[in-house]
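Chemist: Got chain A sorted already, so can you dock chain L onto it with the hints?
Chains A and L supply the protein sequences, listed in that same order.
According to the working numbering, the first sequence is numbered sequentially starting from 144.
According to the working numbering, the second sequence is numbered sequentially starting from 4.
The set of hints was computed from the structure by calculation and includes no laboratory data.
Hints should not be assumed to be uniformly reliable.
As the list claims (entries may be wrong) - Coverage of chain L stretches by chain A, computed from C-beta distances (three or more under 8 angstroms per stretch; other residues unrestricted):
#, segment
1, 12-22
2, 43-57
3, 67-75
4, 140-154
5, 175-181
Note that CB positions come from ideal geometry on N, CA and C, so glycine has one too.
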Amino acid sequence: MKLIQVGYSLITSGNETQTVQLEQVINTEDTHILFGNNVSVGGNGGSLDAQPMSDSSADATSNIDIAWTKCNSNATPQQFGNPNQNFFRITDGQTTAPNTVNFVLALYGWKSSSEYSHFTIEATGTLSDNTAIGHQQGGLKHETTSFNGIKLATNQTGGGGFQAGSQFTMYKVVS
Amino acid sequence: MSALRLVKQEIVSSSVSSFIIQDCFTENFDIYKISVTDLMTSAFCRLNLRFVNSAGSVISTGSYAFSVAEETTGSTADIKGNTETAGFLNFFGYGLASSGTNSQGSDSWIFNPYQSDTYTFGVSEASSNGNNLVFGKSIGGFKVLGKVTGIQINQTIISGSNPTIDSGTVSIYGLKIS
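Just chain A, with the same shape it has in the complex (with noise of 0.2 angstroms):
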């Protein structure tokens, strides 16, 4: 597996943000990764949110399914199915640095204007009582809309949202 690096955003010390969009890094339909890496925000309670973009505009339709794990390690894992969502959650409980979050997003045909767009989500991180965490996820948007980019929001303000340190890297996968 080869990777090739397609899209990067890394916040930094006074541009803090609730959102980060990577647009027009999508140019193929290889299956693309992105990783999101030491990812932190400035308050507990934070959640972390994706939607796909076409060019600089994302797609909020009501039409993503999803299907996900969730593990804790202070709990029995919890297994959910959720139809027609607007967007797709990558994590919830995000905090305060070094309780960060990590996850690896794999996107499957989002290039494509004539399938659907599938997506499967490895997540990890550690809550502000070290309670380890993860979203075990996969989803689908069920429309053939060629997408290339992808929007990621918080909604926790603390600090300004995502802080710094927190990278968000796009991969291209070849052979």
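Modeler: Coordinates of chain L only, in the frame set by chain A:
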């Protein structure tokens, strides 16, 4: 040129209760992929991950938090988690008593092991077959600030006696984020 580079490969060729792959995490990479294939053991056991510090010491304090969600073709999935334990249990699935066909495979990612100001995190998918197929998805956080430079793969017995890891291949790849 791929951003994912092979860093180390360990081929197990003699029977050991555990083994260390040292200096696989360096300043050159931020995220690591660990592919493990066909770890064969002498008895039924869990295959676990611990980290190794720069002095070469296995870190066995209760600083690991992990959760595993399993599915099985058998009757009961063994689902577990622990917030203060001495390793990521079952991170690489199960070792089965070697019969020539029982084996395992796993694919894992490790985040930021060499950054001194962050915790180290891992996610893993593992498939093991014995009498039943078991598929596990693991997450974990190693809650110590500081660099870790290697891994230990060890086992804990489920049944039988004195399990050893007899064969298998571990490949570690590095990914630079910039």
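Chemist: If a hint holds in the structure, say so; if it doesn't, say that too.
Modeler: These are the hints, each one checked on the structure:
1. 12-22: violated (count 0)
2. 43-57: violated (count 0)
3. 67-75: Satisfied; 5 residues make the cut.
4. 140-154: holds (count 7)
5. 175-181: holds (count 3)
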